[in-house]
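K.L.:
The lines below spell out each chain.
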Amino acid sequence: MKRLRRKRQKAGVVVNGSFSREPDCGKKHKLAEINQALISDPVDIETLRRAAASKGGLLTDELRRKVWPKLLNINVYDLPHKPGRDVRDSHKDYNQVVLDVKRSMKRFPKGMPARERAALQEQLIDIILEVLKQNPQLHYYQGYHDVAVSLLLVVGERMAIALLETLSNFHLRDFMDPTMDSTKHILNYLMPILEQVDRELHDFMVRAEVGTIFALSWLITWYGHVLSEFKHTLRLYDFFLASHPLMPIYLAATIVLHREKEVKQTECDMAMVHHLLSRIPQDLPYELLIGQAQDLFEQYPPPLLAKKAALQSRKSLSISTFQAFQLSTLHQRPDSVLQRLTKAQGSTASRHGLEAALPGDRGQLWGKGNRMVKMAVWGLSATLGAAVFAVAQTALDWGPDVLLQLF
Amino acid sequence: MAEIGSSVEFSGSLSSSALPPPRTRIFKIIVIGDSGVGKTCLTYRFCAGKFPEKTEATIGVDFRERLVEIDGEKIKIQLWDTAGQERFRKSMVQHYYRNVHAVVFVYDVTNAASFRSLPAWIEECKQHALGTEVPRILVGNKCDLQDSIQVGTDVAQQFADTHSMPLFETSAKNPNSQGDSGGANSDHVEAIFMTVAHKLKSQKPLVLSQPPMGSGVTVNLNRGRDDGGDGAKGWGCSSC
Chain R
1 MKRLRRKRQK AGVVVNGSFS REPDCGKKHK LAEINQALIS DPVDIETLRR
51 AAASKGGLLT DELRRKVWPK LLNINVYDLP HKPGRDVRDS HKDYNQVVLD
101 VKRSMKRFPK GMPARERAAL QEQLIDIILE VLKQNPQLHY YQGYHDVAVS
151 LLLVVGERMA IALLETLSNF HLRDFMDPTM DSTKHILNYL MPILEQVDRE
201 LHDFMVRAEV GTIFALSWLI TWYGHVLSEF KHTLRLYDFF LASHPLMPIY
251 LAATIVLHRE KEVKQTECDM AMVHHLLSRI PQDLPYELLI GQAQDLFEQY
301 PPPLLAKKAA LQSRKSLSIS TFQAFQLSTL HQRPDSVLQR LTKAQGSTAS
351 RHGLEAALPG DRGQLWGKGN RMVKMAVWGL SATLGAAVFA VAQTALDWGP
401 DVLLQLF
Chain Z
1 MAEIGSSVEF SGSLSSSALP PPRTRIFKII VIGDSGVGKT CLTYRFCAGK
51 FPEKTEATIG VDFRERLVEI DGEKIKIQLW DTAGQERFRK SMVQHYYRNV
101 HAVVFVYDVT NAASFRSLPA WIEECKQHAL GTEVPRILVG NKCDLQDSIQ
151 VGTDVAQQFA DTHSMPLFET SAKNPNSQGD SGGANSDHVE AIFMTVAHKL
201 KSQKPLVLSQ PPMGSGVTVN LNRGRDDGGD GAKGWGCSSC
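For the record, the sequence lines run as chains R and Z.
For the first sequence, UniProt numbering assigns the number 1 to the initial residue and increments by one for each residue that follows.
For the second sequence, UniProt numbering assigns the number 1 to the initial residue and increments by one for each residue that follows.
Warning: the hint list may mix true and false statements.
Stated by the list, open to error - Below, a list of computed lysine-lysine pairs in the DSSO-like style, where the Cα atoms sit at most 30 Å apart:
#1 Z:K173 - R:K110
#2 R:K27 - R:K110
#3 R:K92 - Z:K50
These are calculated hints, taken from the structure and not from any lab test.
So here's chain R without its partners, still in its complex pose:
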């Protein structure tokens, strides 16, 4: 197996294959850099992308609430309204969404009281259906709820709708076709990458006829479905939000390559190899693999793979729209300006106030009063990232997410 080389020095971050210790000043430096990038006008999106991909990702949920919207070109002062009660009316995917969300308990923090979890699950159903309703071209797939919950837990309901909607129309677009043919097409990039790096491993897997379905849930949930530690999921979300839509496939390749010895030692049989690979080890060296995925992406960019593997026959919406999407993120105003502009317009000023965070007339859905209060607090914490930043742009709050821990 050819060793992957780390050749780039990521913004202020120690790389060079040695990740064992990182001086705290690196983290502080990174934090300052991110905040500087956020107040630049236009927002320094390149720095934000680099920070999201480099060691440690975006570091805190507080920062994620500020940076994720920028990575997706979303104005946090003009967020969608909370879904109305009618969002659940007669949607063709309603039953499937409810079924999947109700049994997604594992996605929520372990200590979270059942009632709070239940309330968030209701929100999760709403935000998924809201995005689907507003975008009839998008079709629900099992696993979409894993993406949605990862966003919801960090940014709260309204921002999650905005993020999910943009992601669904770009990065996840291929998975949301009426059929999964485009998804299969994206999975087809996996073997050519392996072939480039480790032909022996590639050939072994071809002989085993293992296919690529073992990586399906990795791809379409951005690993949210298979990782038990939420912090690892978030780390990968930072990375993928800042990357090309095919990056999850490159990461899948690094994971398979990382387990090369295990794979080759297993019986050359579809079932055995599928079983081995589909069980993702929970102690993967994520930072190392992320770096390797970036290297692979540079060495073997998608067009090269497409040519080699005759993959170009099918058009991927996620890939073909990516350049335009990236360009669209280049001219964003910092939040302070956005807030001023939005206020000046006056039209949407009430959207981000406390009143918008309250569940309003949806008491019926939430049931008991106590939950109402908690939900209101939750709504607050969701918009907090934006609010705090607007009040004090330089706030370097390193502390834990106190509000998040209320639950």
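Starting from the known structure of chain R, arrange chain Z on it as the hints suggest.
P.N.:
Just chain Z now, kept in the frame of chain R:
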């Protein structure tokens, strides 16, 4: 992933460090049916011997395995647990229909829609060239939920007869409970898969494991089954 799909489902002898004896037969059984009918619970229940605390949506295909002994012969039972959502079955799961030796159709006795989908699932199998010579069984799951039963045993039995399949009603959650509608039953989940295994064993000795680190060519096992003769009709015990 901790509860489901961990190595607890594997007996130690199946790990790569101790390959099974070269002639251990493998029975591959695919488990299909609508989303939420309990396919994951059933397969987990059989392979791990207990009801999983939480199951999540299956994305794509999951694989579980158990080594059993039938009439002194050690046999590996491989269960392929599939995603229920239609979009997965249309383009993703086909790969796993290949070389399958038996099919388990699952519906939820408390969900009439899942029962009405069965013809579509049967059709699905036909499209993948799994004919009636491949043993098939029908499982009505969740019969511990007595109060919300929507699919009566009579209707299900009639359907099963029409399609020459034995019917089992069970509960992966509580297989020994009062949950059956036809009398006292022992552990049905165990019985379901063991019935299939016995049926497969009684057929010609078709299924050989591949030699360790072997050529990777799967032995084609389907041929012998055509002259297995009796098809599915009347085999097994329709005990519900």
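K.L.:
Hint by hint, note whether the structure agrees.
P.N.:
To see whether the hints hold, each was checked on the structure:
1. Z:K173 - R:K110: The hint holds at about 23 Å.
2. R:K27 - R:K110: holds (27 Å)
3. R:K92 - Z:K50: With a Cα-Cα distance of about 34 Å, the restraint between K92 of chain R and K50 of chain Z is violated, given a limit of 30 Å.
When the structure is compared with the earlier hints, a violation turns up for hint 3 alone.
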